[in-house]
Structure formats: C-alpha cells, structure tokens
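So the sequences go chain by chain: A and B. Counted from 1, the first sequence has number 43 at position 43 by the numbering used here; the numbering is strictly sequential. Counted from 1, the second sequence has number 207 at position 207 by the numbering used here; the numbering is strictly sequential.
Hint data in this document are derived by calculation from the structure and do not stem from the laboratory. No residue lacks a Cβ here, since even glycine has one placed at the ideal position from N, Cα and C. Some hints could be false.
[Unchecked claim] Distance ranges between label pairs, derived from CB positions:
no., chain 1, residue 1, chain 2, residue 2, range
1, B, TRP156, A, GLU71, 33 to 41 Å
2, A, MET185, B, ARG19, 51 to 59 Å
3, A, ARG80, B, LEU225, 54 to 62 Å
4, A, PHE3, B, SER16, 45 to 53 Å
5, A, GLY174, B, VAL158, 45 to 53 Å
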Amino acid sequence: MYFLRRLLFLVPLTLLIATMAFFLVRVAPGGPFDRERRPASPAVERALAAKYHLDESLASQYLRFLGLKWERRPDGTWGRVPGGLLAGDLGLSLKYRDHSVADIIRQGLPVSLTLGGMAFLFSMGIGIPMGFFTAVRRGTAGDWLGSALALVFLCIPGFVVGPVLILLFALQAGWFPVGLWGTPMHAVLPMVALGLYFGGRIARLTREGMTQALQSEFVRTARAKGASEFRVLLHHAFPIGVMPVVSYSGPMLADLLTGSFVVENIFQIPGIGVFMVNSSLSRDYTMVVGLVLLYAVLLLVLNLLVDVAYSLLDPRVRYE
Amino acid sequence: MSEAASSAPTAKVPDSPGRRAWRRLARHRPAIVSAAFLALILLLALVVPWVSPHAAAQGSDLQFSPPDGSHWFGTDVHGRDVFTRVFAGARISLLVGAVGAGVSLVIGVCWGMIAGYVGGRLDGWMMRIVDILYSLPSIVFVIVLITTLETYVKRWVVDWAPGLAPTVRMLLLFAGLGAVSWLTMARIVRGQVLTLRTRPFVLASQSLGASHRRILFRHILPNVLGIVIVYVTLTVPAIILYESFLSYLGLGIQPPEASLGTLIAEGAAQINPLRVFWWLIVCPGAVLALTLLALNFLGDGLRDAFDPREN
Numbered sequence: 001m002y003f004l005r006r007l008l009f010l011v012p013l014t015l016l017i018a019t020m021a022f023f024l025v026r027v028a029p030g031g032p033f034d035r036e037r038r039p040a041s042p043a044v045e046r047a048l049a050a051k052y053h054l055d056e057s058l059a060s061q062y063l064r065f066l067g068l069k070w071e072r073r074p075d076g077t078w079g080r081v082p083g084g085l086l087a088g089d090l091g092l093s094l095k096y097r098d099h100s101v102a103d104i105i106r107q108g109l110p111v112s113l114t115l116g117g118m119a120f121l122f123s124m125g126i127g128i129p130m131g132f133f134t135a136v137r138r139g140t141a142g143d144w145l146g147s148a149l150a151l152v153f154l155c156i157p158g159f160v161v162g163p164v165l166i167l168l169f170a171l172q173a174g175w176f177p178v179g180l181w182g183t184p185m186h187a188v189l190p191m192v193a194l195g196l197y198f199g200g201r202i203a204r205l206t207r208e209g210m211t212q213a214l215q216s217e218f219v220r221t222a223r224a225k226g227a228s229e230f231r232v233l234l235h236h237a238f239p240i241g242v243m244p245v246v247s248y249s250g251p252m253l254a255d256l257l258t259g260s261f262v263v264e265n266i267f268q269i270p271g272i273g274v275f276m277v278n279s280s281l282s283r284d285y286t287m288v289v290g291l292v293l294l295y296a297v298l299l300l301v302l303n304l305l306v307d308v309a310y311s312l313l314d315p316r317v318r319y320e
Numbered sequence: 001m002s003e004a005a006s007s008a009p010t011a012k013v014p015d016s017p018g019r020r021a022w023r024r025l026a027r028h029r030p031a032i033v034s035a036a037f038l039a040l041i042l043l044l045a046l047v048v049p050w051v052s053p054h055a056a057a058q059g060s061d062l063q064f065s066p067p068d069g070s071h072w073f074g075t076d077v078h079g080r081d082v083f084t085r086v087f088a089g090a091r092i093s094l095l096v097g098a099v100g101a102g103v104s105l106v107i108g109v110c111w112g113m114i115a116g117y118v119g120g121r122l123d124g125w126m127m128r129i130v131d132i133l134y135s136l137p138s139i140v141f142v143i144v145l146i147t148t149l150e151t152y153v154k155r156w157v158v159d160w161a162p163g164l165a166p167t168v169r170m171l172l173l174f175a176g177l178g179a180v181s182w183l184t185m186a187r188i189v190r191g192q193v194l195t196l197r198t199r200p201f202v203l204a205s206q207s208l209g210a211s212h213r214r215i216l217f218r219h220i221l222p223n224v225l226g227i228v229i230v231y232v233t234l235t236v237p238a239i240i241l242y243e244s245f246l247s248y249l250g251l252g253i254q255p256p257e258a259s260l261g262t263l264i265a266e267g268a269a270q271i272n273p274l275r276v277f278w279w280l281i282v283c284p285g286a287v288l289a290l291t292l293l294a295l296n297f298l299g300d301g302l303r304d305a306f307d308p309r310e311n
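So here's chain B without its partners, still in its complex pose (with noise of 0.2 Å):
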C-alpha cells in the first residue's frame, strides 16, 4: 500500500486504493441510485412503523380493502395495514441480513486468512471441509438445527434471560444462516491471503521481525478489506432471500412478527378463484425484490470499483 508512495516522494501523491473505489463508485450510477434506494427503504422501515396512523399488528373491521388514499398498501384478512407490515417486515427483513451477513463475515475471514497464512497441510484440510460443505444442501441442515434446537434453546435461555425469549427464533436464524453462508467469503479471503503472503511489502515486514499479529492485521487484513466489503454486499440479499424462503414454509420468523417473507406467505394464503387480493403478494413481493435488486446493483457497482484491473 504504502510502497508507491514511497517511491515517488516528490510526485503527486497517488490516491489510496480506498479512496480509488470510493470515486469509482461515485460515478456508478446504478450503484449510486441503488444506496439512494436502500437508504430510502431504511428509512422507511425504521419510521413507518413509529409513525403510521395505524398499528402493524392493530386489527380493524375493514377487511381486504384494495390500495386507496388512507391504506397505501390496502389492508390484509385481519383489516390490518398492510403498508405500515410492509415495512415493519422490511426491518426485520433486513436485521436478518445484515446480522446473518456479519455472522458469515467473521466466520470465512476468520476461516479464510488462518487457511491462507498458515498453509500447507492445515490449509489443505480447510479447504477440504469447504468443498464437503459446499456440496450439501445447506438449505436443509438449517431446517433440521432450526427446528431440533429450538425447543432446547428457549428452555435454556428462558432460564437465563427470560426477556430472549420470544427472539429465539430470530437468534436461530442468525446462527443458522450465517453458518451456511460463509463458504464463498471463506474461499476469496484466502486467495487473497495466499497471494498477498508473498508479496514484497509483507516479505520485508516479516524480515524486519514483526509478529505474526502485525503481519495479518497491519498488512494482510487492509487490504483484503475491499474484496470482503463486496462479498459482505451480496451475501445480505443471498441472506435476505434464505431467510423469506424459511419465513414462507413458517420455519422462520414467528407470529405477531412478520418479515417480508412471512407476509408474502400470508398473501399467497389468501389465493383463491373469487376474488384477487393482489396488493397482499405484489406489495410485499416489490419491497423484496426492489430491495434485492439494490443491494445486487451497489453489490456489483463495488466489486467494479475495487477490481484493480480496471481503471
């Protein structure tokens, strides 16, 4: 990093590549449209619950009324906001994510860099077990953890933390999704590493004593940073999408929550021949599948702007 610096001491100081990819992605408009759009809908999801002239989980008499002026979203079986669930789930949607996504971020850096730094035989053997997971359907071991350690979690924690109690299901979630989820990240991280363990600079720390310490987190971790911001912005919709798809089979978030996935599953409940309460699938479908397509566009717009062949 700091070696072309160094070696042009009189010449206009290059930029750092942080900075470097930070103005890349300012002229991608894409990327740039979809934070605009992801803030928006963050926004939305932290106010509209707190400020909505109606309750997310309030009850009303005024059963599946079509989109209009006072219910944006129209309202559900239960005469309930659907605007106002819209966006609650949207919250939880995207808690899931982001905590699924930082849960798989700590295990494949982790995973990744002690592979890569360490080598040879141990590396060998993690990136076996890489592979072996890699080829099983994970979707399927966190159904059987999710539903077997349930019931054993909540008796533990409802004699620890009685207040956790209704969140277990969400902390499973968490767990579950993020220890499914850290394969890729596991697999750049050490590319990167190996690549990054000979190269000159870290060479030259190492012949000047530093520790191991200094070396991984001083040198090694910086620059592998920008790759792992990318990845860490695909895996939250990857996540996102894991966590609707058990939401919607009722393995996921439970009642009175709702996440995105839940409410779809309600709306495609209500199908029937006489009457098509469309709003109950397209509007909580568009908020998904809007969000998704951001966090995909700024996702690619980053790996653009840190990809140190373009220029």
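If we strip away everything but chain A, and leave its shape as in the complex, we get (with noise of 0.2 Å):
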C-alpha cells in the first residue's frame, strides 16, 4: 500500500521536474542556434526558429511540450498536435539535427549503465569484505590498515586514478586499451576508476554495520546457544551488518551515474554523460530537459526497488 501510494506520487513529481527544467532552460539567455556557423542570415534563423516552434510564446510550447497542445489543421478540423511528453515523445535534439531525443538515449544508455552496472558490482565486490574483514578483526592492524585504504579509496576522486590508471596500464604495460568501448578489456580501467571510491563507502559502510551487529544481542545469543563462529558471522551478523550497504546503494546509482560523466570523458566512451554536459552548455534544449527526466525518472524508481529491497531484508522495517 505504501509502495503503490509512492508509485503514483511519482507522476506528479515527474511532472514537476520536467516543467521546471523545461522553463529553467528556457529563460536563460541565449539560444540552441547562437553558435551556429556565423554569418547565418536572419532569415535562416527564423526559418530554424519556426521549424523547431522557438517563435511561439513560452507557454505555447509548454503545450506542445507536454502534447496537450491543440491547432487547426489545413483542412479546417482542431486536432491535438501528435507527440509530446505524455505521448512519451521527447522531441528532436536541436543540436544533432535529424536525432531524436529519445534516439540518443537509447544508444548511449546502455553503454553507461553497462558500466555502471560493473562499477557497482566491482565496488560491492571490494567494499563489503574488506568492511567484513575490518570489523571482525576490530582493533588490530589488519583493521587499521583496510580501514587506511577505505578512506583513501574516498579520497582520491576518478578523474585521477583514470589516468594514473591509463598511464600505468594502458600505456606503460600495455594491457589495456587506452580508451574507447567494445571488448571486456575495454571496460576493465573504467570499472575500476568508477568504481573504486564506492568500493571505500561501502567498506566503511559494511565496518559500521557490522561492528552494531556483532555487539546486539541477537549475536549473542547466537554465541551463547553454540552456534560455530563462521555460522554466527555470517548467518546471524552479516545480513543486519550489510543493512547500511543497501540503503546507500540508492544514493549510490545516482552517483554512479553522474560520476560516470567524468569516466566517460576520459576514457572517450560513448555513454550519455557526454550528452548532459555538452548540451546544456550548448543549450540544447530538448536533450536537457529529457536527459534531466531520464536521470530523476531512473533515480526515482531505482530508489523505490531499493526501498522494497530493504523492507523485504530487513524484518524490522515495516512501512505502513
């Protein structure tokens, strides 16, 4: 009942965003078209206006966004205009003329959320033992020096160890491609260089975690009735100890894939990252505003999954 109430509270809230991108492009200053091949002819200009519809009233194109606009047709007759928002088209790109939107997205999204999707799992992969590893061996060097290496996979941003990494790797040793996509070789250096200061959060994450649970009382029960350590571990504290882990995991995709901004520039990857930031500098404005729903629709739902996956794990939570 929950779940479902906060499903349908995602349409208006996407509506929302939407509208507010929409208008926030629009009222800055400046033009798709101002950096067009100078001298472009007034002429040419407004022809490039009416063609995309830029010469209509703000609220004009509002409708026209949303396809709730309504015109006269040659022939006489009222008819909605076809497309639209709720018609779930999001227009042309008024930069790669002759692309829709909705074109772009589908060929650069699957590139980066195949690389999001490593990153996260490479992270998970690295993240949760050593946070394991460190908080069952509380106190000792062994957690002292993981605990060390957590913080300083935090602190050194992608946009370094990209390329340290190529430099190492890709140029000195040879092992790796230097950029681009394709093969599995291609999207070793990525994962890692995504990946790597998530996998610090979630050690940490997991330490905290693990270190509650092994001091509750359920684990000493546990103890107490002879269950064998590895059982009491991992059976008793791990699936309360990872808790953490799973409530940032929604946080974590949104910054998985607005880090991977800076993942796919450095390493010439064609994803969608590329797209957010070249077209908001060059005020595209349809890309903006539907990469813009893209990311919040994608980061709304993945939050809600993480949200029923927390409510299914952890018998503890009830929503009502």
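Taking the hints as your guide, dock the two standalone chains into a single complex.
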C-alpha cells in the first residue's frame, strides 16, 4: 500500500521536474542556434526557430512539449498536435539535427548502464569483504590498514584514478586499451576508475554495520547457544550488518550515473554522460530536458526498488 | 548543559561538553596529524603563489620539464611552474570548499531547526522535500543551473558591480554546491532538535516563559553545535570533490584561474603514447587526495570526540 502510494506519487513529481527543467533552460539568455556558423542570415535563423517552434510563446511551447496543444489543421478541423511528453515523445534534438532525443538516449544509455552496473558490482565486490574483515578484526593492525585503505579510496577521485590507470596499465604495461568501448578489456579500467571511490564508501558502511551487529543481543544469543563462529558471522551478523549498504545503494546508483560523466570523458566512452554536459552548454533545450527527466526517473525508480528490497530484507522495517 | 554543574555544586565542576571534546580530540593522533597537515597546506596555498620565484600564470620556454631543483613539480605545456600553480589552485579549491560548506551550513541548520522545533505538519512537509531532493541527481541540477544562469547573472553583475564579473562562475559554484549539499545537515540537525526539545532543561526554560528565540539560540543551538561542526568538516571535502569534478568537465573555475580539478584536467589532456608527463596529473592529484584525506580524518576524529556514548 505504502509503495503503491509512492509509485503514484512519482507521476506528479516527474511532471514537476520536467516543468522546472523546461522553463529553467528557456528563461536563460542565449539559444540553441547561437553557435551556428556565422553569419547565419536573420532569415535562416527565423526559419530554424520556426521549424522547432521556438518562435511561439512559452505557454504554447510548453503545451506542445507536454502534448496538450490543439491546433487547426490545413483542412480546417481541430486536432491534437502529435507527439509530446504524455505520448512518450521527447522531441528532436536541437543540436544533433535529424536525431530524436529518444534515439540518442537509446544509443548511449546501454553503454552508461553497463559501465555503471559493472562499477556497482566491482565496488560491492571489494567494499563488502573489506568492511567485513575490518569489523571482525576490529582493533588489530589489519583493521587499521583496511580502514585506512578504504579512506584512501574515498579521497582519490575518479578523474585522478582514471588517468593514472591509463598511464600505468595502458601506456606503460600495455595490458588494456587506452580508451573507447567494445570488448570486455575496454571496460576494466573505466570500471575501476568509477567504482574505487564507492568501494571505499561501502567498506566503511559495512564495517560500521557489522560492528553494531556484532555487539547486539541476537549475536550474543547465537554464540551462547553454541553456533560456530563462522555461522554467527555469516548467518546471524552479516544480513543485519550489511543493511546500511542496502540503503546506501540508492544514492550510490545516482552518484554512479553522474560519476560516469567524467569517466566517459576520460576513456572516450560513447555513453550518455557526454551529452548531459555538452547539451546544457549548447542550450540544446529538448536534450537537456530529456536527460534531466531520464536521470530523475531512473533514480526515483531505483530508490523505490531499494526501499522495497530493504523492507524485504530487514524484518524489523515496516512501512505503513 | 548547566544541569550537571548545578546538581553537584560542591563536587569538582565537570568539563563542559565542548572542553571534553577538545581533550578527546587532542588524544586522537590521526586527527591531530591531519589538522597540522591542513594547516601546512593552507599556509602553502596562501604563501607559495606570493613568494614563488615563478608566477602562477607566467609561461616560459621550458616546456614539460620534469620535477627538479628549480621546478619542484616540473612545468606544464606553457612552461609554467606546476608547484606554484598547484598551490594557487589549492587556494581556490579550499575557498570553494569552505564557502560552499558555509552556505550548506546556513541552509541546513535553519531548515533542520525550523522543521524540528515547529514539528507537526510543517516538519512532515519539510522533511518530505528533503527526501525528494535526496533522490534526485543533484549534480545534474548544478550543471543545468550553472550553464543556464551564468550568462544571466553575468549580465546583471556587469551592470551593478563590474569588478565582480570574472568571479561570476565562482559565485555560482558557491551557491550551487552549497544549495545541494545541505540535505544531510538538515536531517541531522532536525533529529537533534527533536530530542532536545523534550529535554528537561528546555521544558524548564519554556515554562519559565522564555521566548522561542531565546530557547532556540540559547539552549538548542549550542547543543547542536558539536555535531554541526563534525558535519561541516565532512562537507568541505565533499564540496571540494564536487568542484574539482565540475572543473574537470570545464564547468567549474575558468582559465586563467585554476583549481586543482582544472589542473588535473589539463594534465589528463596531455596523456599521449609517446611521452609520459606523469607529474602533471600526480602532483595536483596527490595534493587534492591528501587534502581530502586529512579533512576526512579530522572529521572522523571530531565525530569520535563529540560522540556522547564514548568515554
């Protein structure tokens, strides 16, 4: 019930975000055709603006964007203008002519999602064992070393890790390609550059969660009834100790998606991140609105899924 | 705060929470080392661009010279001294981090205090907004805001205060990064205020007829200050990281000014298979990473020091 309400709430929220993005990019001075080859004659500019309906009033453009605009057809009848957000159409890119926003997203998104997903798994793969180990060996030199390492991961940003990895493993050693995308070998360095930071975050969260779980009553009970240490750690403490990581994975997915802006830039990966920066610089209105909407919807849905997973995993959590 | 002291007037007066925290912090070795290191970085950032024999923006014929006795961090594509540029960049990065954290502090503390103190439906709505903002890609909004508002603000600034025109991008960074980094602060402050509001000393003050303003500023604010300090210390590195991220993408600090992120981006642009100019990435990258590391260690130490559960 609670989740159903949240799912329904997504609709007005998405609409609100789309509206904000729509007006924000349009009130700013400068237009998408400012950087066209000069001198474009006023006639050319007018024609371009007319083609993309930028000569209309803001209200009219907004209705058209939503797909709620009615106009008189050449044969004299009234009808809805085809397209628009409510019909699932984000329009044509103003910069990459002849490509619709949906086309560009369809080409770049799988690449970005693959990279993000791999980095997600990579950071879980190094973070959870590190956090687990340091929590179990709390107070030892191993704990100190592991915790310091996690903090170091947190403090070296991806745009430092990336170039250094290229220098060491692509240029000096020659084990991996320097950039571009295609084979699994292409994905290794970007995955590490993107995921290392989050590995540090996850290690710290796991350590904190495990430490608390190990101090709790149910672990003491499990030990008292004679469960083996292995079983106490993995069966009793771990599922509770890893919960902070589950609740962090929502915001983390957000940061992974946006973190890939830089990593895609470094490794020349044809993902979607490059478009986000370029289109907002070049005032590609439809593209900016489409991408903002894409990121927002992705994150809202992922966060919802994380909360669902959380309530399924932790029996103590109840949403009403 | 004062309740403990008045309950045992003859006994030795216990330390105030603030003083106890200081004492604990002084025993926290990584935090002290980090604080000293930060002081050193700050000093270098302030002094190096001033006293260095090579001006940060001054080019020379000596391109891509590796680190040596005269150029400690080598030189870049225009023959500029990387050591001077790194610390001039560190100055800007630290400035953005500090001011951005200040902005987030003001918004977060006000938001959290109002929500926690007023409570009820207003609290519900305010925290709902925080939840929603949490689930949105904040950096995407910062990018859109910076790119769209820049020309607008610039036009406005040129009319009113032409001297500020070159710093418009930096002002936008302060505002934009501060505006998306206050959420955690608001949540923490609200939680603290909620529990403080029902504590006996606040209720006593309330029943004695103290005004809301007095309760908020005299009783509640001093008690949330500890945790606020901890989170500001942890917000500074987060904002520095954001800023260098944006600068790397070319959306942050603009040339001829340079932050550490810009310098790293310039270094990354020089990667080529023929010659390796490692110092252009490693030097600014190391200064950035060490600064962030020190700030995080200091934040961790402060958190332990202010933690009421530990003794």
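Going through the hints against the structure:
no.	hint	verdict
1	B:TRP156 with A:GLU71: 33 to 41 Å	holds, 37 Å
2	A:MET185 with B:ARG19: 51 to 59 Å	holds, 58 Å
3	A:ARG80 with B:LEU225: 54 to 62 Å	holds, 58 Å
4	A:PHE3 with B:SER16: 45 to 53 Å	holds, 47 Å
5	A:GLY174 with B:VAL158: 45 to 53 Å	holds, 52 Å
Of the numbered hints stated above, none is contradicted by the structure.
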